[in-house]
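Asks: Chain order of the listed sequences is A and B.
Numbered according to the working numbering, the first sequence spans residues 962 to 1535.
Numbered according to the working numbering, the second sequence spans residues 962 to 1535.
Take these hints with a grain of salt, some might be off.
[What the hints assert, rightly or not] Stretch by stretch, here's where chain A covers chain B in the computed footprint (C-beta under 8 Å, at least three residues): (1) 1032-1039; (2) 1204-1218; (3) 1377-1388; (4) 1502-1511.
[What the hints assert, rightly or not] Some but not every residue of chain B turned toward chain A, in silico, with C-beta under 10 Å: (5) Ala1132; (6) Arg1134; (7) Gln1225; (8) Ile1249; (9) Glu1253; (10) Thr1275; (11) Glu1279; (12) Arg1295; (13) His1357; (14) Glu1369; (15) Ser1415; (16) Lys1418; (17) Phe1526; (18) Leu1533; (19) Ile1535.
[To be verified] Heads up, simulated DSSO-like pairs for lysine-lysine below, C-alpha to C-alpha not over 27 Å straight-line: (20) Lys1432(A) x Lys1443(B); (21) Lys1418(B) x Lys1023(A); (22) Lys1449(B) x Lys1521(A); (23) Lys1443(B) x Lys1432(B); (24) Lys1209(B) x Lys1521(A); (25) Lys964(B) x Lys1521(A); (26) Lys964(B) x Lys1209(A); (27) Lys1432(B) x Lys1424(A); (28) Lys964(A) x Lys1209(B).
No lab work stands behind these hints: they were computed from the structure.
C-beta: ideal position from N, C-alpha, C; glycine also.
There are 2 protein chains.
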Amino acid sequence: MGKYRVDIRDVEFNLTEMLKVQGWQKYGLEDQDIKGILTEYVKFVENEVFPSREPSDLIGLKHVDGKVIVPEALRAPQKSFYDNGWFALGMPEDIGGTPVPEALYVSCMSLATGANCAWMMYPGLSRAALNVINLKGSEFMKTHIVPPMMSGAWGGTMCLTEAGAGSDVGALRSTAKPLGNGKYSIQGTKIFISSGESDLYENNIHLVLARTPGGAEGTKGISLFVVPRFRINDDGSMGASNNVVCSKLEHKMGIHASATCELQFGVTGESEGWLIGDEFEGMSTMFIMMNEARLYCGIQGEAQGNLAYMMTDTYVKERIQFGKEIIHHPDVRRSMLRMRAMSRGMRALCLYTANLFDAAHENKEIEGLIGLLTPICKAYCSENGFNVSVEALQSHGGYGYCSEYGIEQFVRDTKIATIYEGTNAIQAIDFVMRKILKDGGKSLTALTTQMVASVQKLDPQFKREQELFGKVLMSAQTTMQKISEWAKAGQHNMILQNCTDFLNFASQMVVAWRLLESAQMAAQKVGTASGDDKAYYESKMVDFKVYCSQFLVHNLSIAKTITDFSEDMCSLEI
Amino acid sequence: MGKYRVDIRDVEFNLTEMLKVQGWQKYGLEDQDIKGILTEYVKFVENEVFPSREPSDLIGLKHVDGKVIVPEALRAPQKSFYDNGWFALGMPEDIGGTPVPEALYVSCMSLATGANCAWMMYPGLSRAALNVINLKGSEFMKTHIVPPMMSGAWGGTMCLTEAGAGSDVGALRSTAKPLGNGKYSIQGTKIFISSGESDLYENNIHLVLARTPGGAEGTKGISLFVVPRFRINDDGSMGASNNVVCSKLEHKMGIHASATCELQFGVTGESEGWLIGDEFEGMSTMFIMMNEARLYCGIQGEAQGNLAYMMTDTYVKERIQFGKEIIHHPDVRRSMLRMRAMSRGMRALCLYTANLFDAAHENKEIEGLIGLLTPICKAYCSENGFNVSVEALQSHGGYGYCSEYGIEQFVRDTKIATIYEGTNAIQAIDFVMRKILKDGGKSLTALTTQMVASVQKLDPQFKREQELFGKVLMSAQTTMQKISEWAKAGQHNMILQNCTDFLNFASQMVVAWRLLESAQMAAQKVGTASGDDKAYYESKMVDFKVYCSQFLVHNLSIAKTITDFSEDMCSLEI
Chain A
962 MGKYRVDIRD VEFNLTEMLK VQGWQKYGLE DQDIKGILTE YVKFVENEVF
1012 PSREPSDLIG LKHVDGKVIV PEALRAPQKS FYDNGWFALG MPEDIGGTPV
1062 PEALYVSCMS LATGANCAWM MYPGLSRAAL NVINLKGSEF MKTHIVPPMM
1112 SGAWGGTMCL TEAGAGSDVG ALRSTAKPLG NGKYSIQGTK IFISSGESDL
1162 YENNIHLVLA RTPGGAEGTK GISLFVVPRF RINDDGSMGA SNNVVCSKLE
1212 HKMGIHASAT CELQFGVTGE SEGWLIGDEF EGMSTMFIMM NEARLYCGIQ
1262 GEAQGNLAYM MTDTYVKERI QFGKEIIHHP DVRRSMLRMR AMSRGMRALC
1312 LYTANLFDAA HENKEIEGLI GLLTPICKAY CSENGFNVSV EALQSHGGYG
1362 YCSEYGIEQF VRDTKIATIY EGTNAIQAID FVMRKILKDG GKSLTALTTQ
1412 MVASVQKLDP QFKREQELFG KVLMSAQTTM QKISEWAKAG QHNMILQNCT
1462 DFLNFASQMV VAWRLLESAQ MAAQKVGTAS GDDKAYYESK MVDFKVYCSQ
1512 FLVHNLSIAK TITDFSEDMC SLEI
Chain B
962 MGKYRVDIRD VEFNLTEMLK VQGWQKYGLE DQDIKGILTE YVKFVENEVF
1012 PSREPSDLIG LKHVDGKVIV PEALRAPQKS FYDNGWFALG MPEDIGGTPV
1062 PEALYVSCMS LATGANCAWM MYPGLSRAAL NVINLKGSEF MKTHIVPPMM
1112 SGAWGGTMCL TEAGAGSDVG ALRSTAKPLG NGKYSIQGTK IFISSGESDL
1162 YENNIHLVLA RTPGGAEGTK GISLFVVPRF RINDDGSMGA SNNVVCSKLE
1212 HKMGIHASAT CELQFGVTGE SEGWLIGDEF EGMSTMFIMM NEARLYCGIQ
1262 GEAQGNLAYM MTDTYVKERI QFGKEIIHHP DVRRSMLRMR AMSRGMRALC
1312 LYTANLFDAA HENKEIEGLI GLLTPICKAY CSENGFNVSV EALQSHGGYG
1362 YCSEYGIEQF VRDTKIATIY EGTNAIQAID FVMRKILKDG GKSLTALTTQ
1412 MVASVQKLDP QFKREQELFG KVLMSAQTTM QKISEWAKAG QHNMILQNCT
1462 DFLNFASQMV VAWRLLESAQ MAAQKVGTAS GDDKAYYESK MVDFKVYCSQ
1512 FLVHNLSIAK TITDFSEDMC SLEI
């Protein structure tokens, strides 16, 4: 296993230099506090989370008599995470949380996720479920479910998918029959449920989408239910089994320690649940957390890409071939420059987006921007976290393909992020159809206006990049024009067959923009900086140049793919 | 596990329509014979090889008391392969082989490799070793080693890599001391040896690179030795252990059933070997088979990409979401079009290259062309076989990430092909430095001249593609000019940092060219064709269009990356 390393300077740069504490006053945190929290968090991750990564992958899960037994290696980080208040970080104060700026919370989450993605999914999903319950739950739930979930005694899940209902959630067939006592009897089988069953928690609180009698077809007839693994007595104590059975544990490419379960409700006996949110409003209740869940998917890519990059940085500076460390071989150098620019670009994007959450509630424009950036974070970072991991594997040669350095695990673990929480194709459709066309292009125009201003003010040393970015902005216009024409002509298949390319185009523009802003600030500071600081600022300027010449440049050809797209590509039989 | 399916029409098109039987007369095979052999081979692969794929991945290998035990599932295809003459296919007649055109042999090899890559490596490496022994070995070896290797009683390996000598083969430290009786005593430890030890064969014949006393440093002091696992008595019978010990079995991302071994020579006792080829000529003796071995690496990508595509084609035509088979969703359609164009493009490239082998011995120009196309086949097909597998996984959604349909296995299994037989970075360096610059650009010019002619004669319905290809050919010139300038100025680091991009550029040009020729022929035949034939020819025309608009188009931006490359990218500290 390679050694754990984190580019903490870059995390701090994003938090304390780029995002500043705009709107963070309410948290009463100075730069030093932020750095202090990060330092403690890194210690936790390095000493407790990272060592659990390899054994949890190798040993995986056991499914015995319907119970799921996690690898022993997970118990220490799990206990420490709750006991030392890391789960409470970023949660509301009234339920025992420690509010911090979203970007700081996400930075921490990213560190833990990079170090053991499979483990982090247990508290991660629990947090998502807890947030829904805390926001929409009854007094009973707030009194008796929220506290044990905060303490880590109980966990939580989100149960959407069924065998015939994946991307098409509206096709689900699970039912909820009123029992007359305010509760419902849930029946159905859910698949691909992360953390669906495990001995990390005493009880699991499932959020389950199901249909009540008389509801409409499709998503409109769906409601959300709180269904515990063990029943909860009136005094809040844990009761008998609620007949939620893990009938299958999936065998997966990666995240071997994350329990992906098939769950049967109401098969071996009655599974009772409570309605949460209004009847038939199941989708919107579930979607309360969707922006955050999708951002978090992006973080899974960003986090693993960044750690894979750092571990490779160590390797290429130690491994000797042809009489020198391989970092001195130009092709390896090229890979490292690409990996760093992409990894840091993803970080800048995710933290910028996370920071918008803090200001979102008061501001429609920011909400629109979050809506636009969410599918970008989700799809682009999951895709490129995977790509960086693949390039990290390649840089390790034969050793990368073997499990020795722990690099191939990144490739296997990251891949899932392009699929769940809405596949990347679903993100592309959401991006083009809802976030741009339905919005009349308002949010996109606001964003590109900001980019134009950034490009215009660029330091002269970035002349080449300024020129390229200018061309890309122009081709963004012609491409959007093409898409609008198709929309007006009702040629939706033409749009839908190009939206993955357009999402990719837009994503690279946004990441380049965040790296541009970073490089611009670095250029201002580098003159008076010295030592490590100077080297760091120089590296930020290089990152922007590399990103432009290796990634952004491809926007010119992506634009050509879209604008030259011919109708017969949509019609011929395949 | 998904169902096995093969695009046999496309294999036949390449063999009997595109490559014709130019120069194949010597084999006395008519089109019908070729189709007959393919039909029988497909039966063997479908019934015996493919069913072994999943269990051999799941069960993997056992390492007990230095012995490596393969999964039971491998024994049936292994026996059948040798017993039914499939190993003999394409081998010389004088040792009991059945000579066939190289392109036909490679087509068959590809089918078996796609269906179980990990297994195919055992006879594949044995064949490579056997070819060296048959060409360069002593009479004793031809009499006593070749026959049991032909029958499948014995296997073979190639032992190059050591812990400190990966890409840098010249750094190896294994030694060979003359014993005075014509034999040598071999000492050293080799790593990453495929098929290094297994109970599929009674004896293993290792080809081992080592240093004799007094040899120069680096590759010039290296010789090649034949070192059996068990000694061979004068009468050819198997003798005592030759002290070749499997001291470690690697735990890998994929090809779980392929035994990747650390082998110790001369540690537990003397390991005897014979010199093969001249002393100090070890590298060139080993490299006799290198073009073929590298083409075969490309085939591993091509083969698995093609099977992953076909299995996905079945899935997307059966899986229903939003009330229709998902092939009717435009984004899935886009993926399928991309996967087909890429998979068939790789096949066309590999079979075209294989076919050149048949004419190579008489013709310097063809030898140059093979030299140029070999790193293209190796790097591009290994890279894109992986990419197609990843896209196949994505098209299966959550099911793709689970082992159920056997798709994620393609992703894990193909990845190794970008690394071994010279990493893809090594291929890129070989391509630019040796195959182009050292050759004075002769082979490349000959190739692009052919492409220009092909583009000029294109059917008018491909006007858009003709225009794009024309632009790409122009940018090939400016890009090569840039590289020549760097070469003249001695700026080798500039070249080396761009050669991966240039290899990719050249590869896409060549694949597009092979698809162009296919589309051109399809356009001529489609008018008089009907039924399945008509649909097939139409699909070939679509493939070319899709490849141009989705892949070749990016050559324009790759060219910009290279021509705009700035010197500071080579110098700044990272």
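Asks: A separate judgement is required for each hint: does it hold in the structure or not?
Replies: Here is how each hint holds up against the structure:
Restraint check on the segment 1032-1039 of chain B versus chain A: 0 residues with Cβ-Cβ distances below 8 Å, three needed, restraint violated. Figure legend: the segment 1204-1218 of chain B, annotated as covered by chain A; annotation consistent (5 residues with Cβ-Cβ distances under 8 Å, at least 3 required). Here the segment 1377-1388 of chain B counts 7 residues with a CB under 8 Å from a CB of chain A, which clears the bar of 3, and the coverage holds. Only when three residues or more bring their CB closer than 8 Å to a CB of chain A does the claim for the segment 1502-1511 of chain B stand; here the count is 5, and the claim holds.
The closest approach between the C-beta of Ala1132(B) and any C-beta of chain A is roughly 7 Å, which is under the 10 Å cut-off, so the hint is satisfied. Hint on Arg1134(B) is violated. Least Cβ distance to chain A is approximately 14 Å, over the 10 Å limit. With a least beta-carbon distance of about 18 Å to chain A, the hint placing Gln1225(B) at the interface is violated under the 10 Å criterion. Against a cut-off of 10 Å between C-beta atoms, the interface hint on Ile1249(B) is violated, since the closest Cβ of chain A lies about 23 Å away.
Hint on Glu1253(B) is violated. Least Cβ distance to chain A is approximately 21 Å, over the 10 Å limit. The closest approach between the C-beta of Thr1275(B) and any C-beta of chain A is roughly 13 Å, which is over the 10 Å cut-off, so the hint fails. Interface restraint check for Glu1279(B): the shortest CB-CB distance to chain A comes to about 12 Å, outside 10 Å, so the restraint is violated. Checking Arg1295(B) against chain A: minimum C-beta separation of about 5 Å stays under 10 Å; hint holds.
Among the interface hints, the one on His1357(B) holds; its C-beta lies about 9 Å from the nearest C-beta in chain A, closer than the 10 Å criterion. Checking Glu1369(B) against chain A: minimum C-beta separation of about 4 Å stays under 10 Å; hint holds. Residue-level restraint check for Ser1415(B) is violated (minimum Cβ-Cβ distance to chain A is 21 Å; threshold 10 Å). Against a cut-off of 10 Å between C-beta atoms, the interface hint on Lys1418(B) is violated, since the closest Cβ of chain A lies about 22 Å away.
Proximity of Phe1526(B) to chain A holds as hinted, the smallest CB-CB distance being about 7 Å (cut-off 10 Å). Because the closest C-beta pair between Leu1533(B) and chain A is about 6 Å apart, less than 10 Å, the hint holds. Because the smallest distance between the Cβ of Ile1535(B) and any Cβ of chain A comes to about 6 Å, under 10 Å, the interface hint for this residue holds. Our distance criterion of 27 Å between C-alpha atoms is met by Lys1432(A) and Lys1443(B), whose separation comes to about 23 Å.
Of the pairs offered as hints, the one joining Lys1418(B) and Lys1023(A) is violated, with about 63 Å between alpha carbons and a cut-off of 27 Å exceeded. For the hint pairing Lys1449(B) with Lys1521(A), the CA-to-CA distance comes to about 34 Å; that exceeds 27 Å, so the pair is violated. For the proposed pair Lys1443(B) and Lys1432(B), the alpha carbon gap of about 17 Å is at most 27 Å, so the pair holds. At roughly 51 Å between alpha-carbon atoms, Lys1209(B) and Lys1521(A) are farther apart than 27 Å, so this suggested pair is violated.
For the hint pairing Lys964(B) with Lys1521(A), the CA-to-CA distance comes to about 37 Å; that exceeds 27 Å, so the pair is violated. Straight-line distance between C-alpha atoms of Lys964(B) and Lys1209(A) comes to about 23 Å, which keeps the hinted pair within the 27 Å bound. Of the supplied pair hints, the one linking Lys1432(B) and Lys1424(A) holds, its CA atoms being roughly 26 Å apart against a limit of 27 Å. Between Lys964(A) and Lys1209(B) the CA atoms are separated by roughly 23 Å; this keeps the pair inside 27 Å, and the hint holds.
Consistency note: the structure conflicts with the earlier hints numbered 1, 6, 7, 8, 9, 10, 11, 15, 16, 21, 22, 24 and 25.
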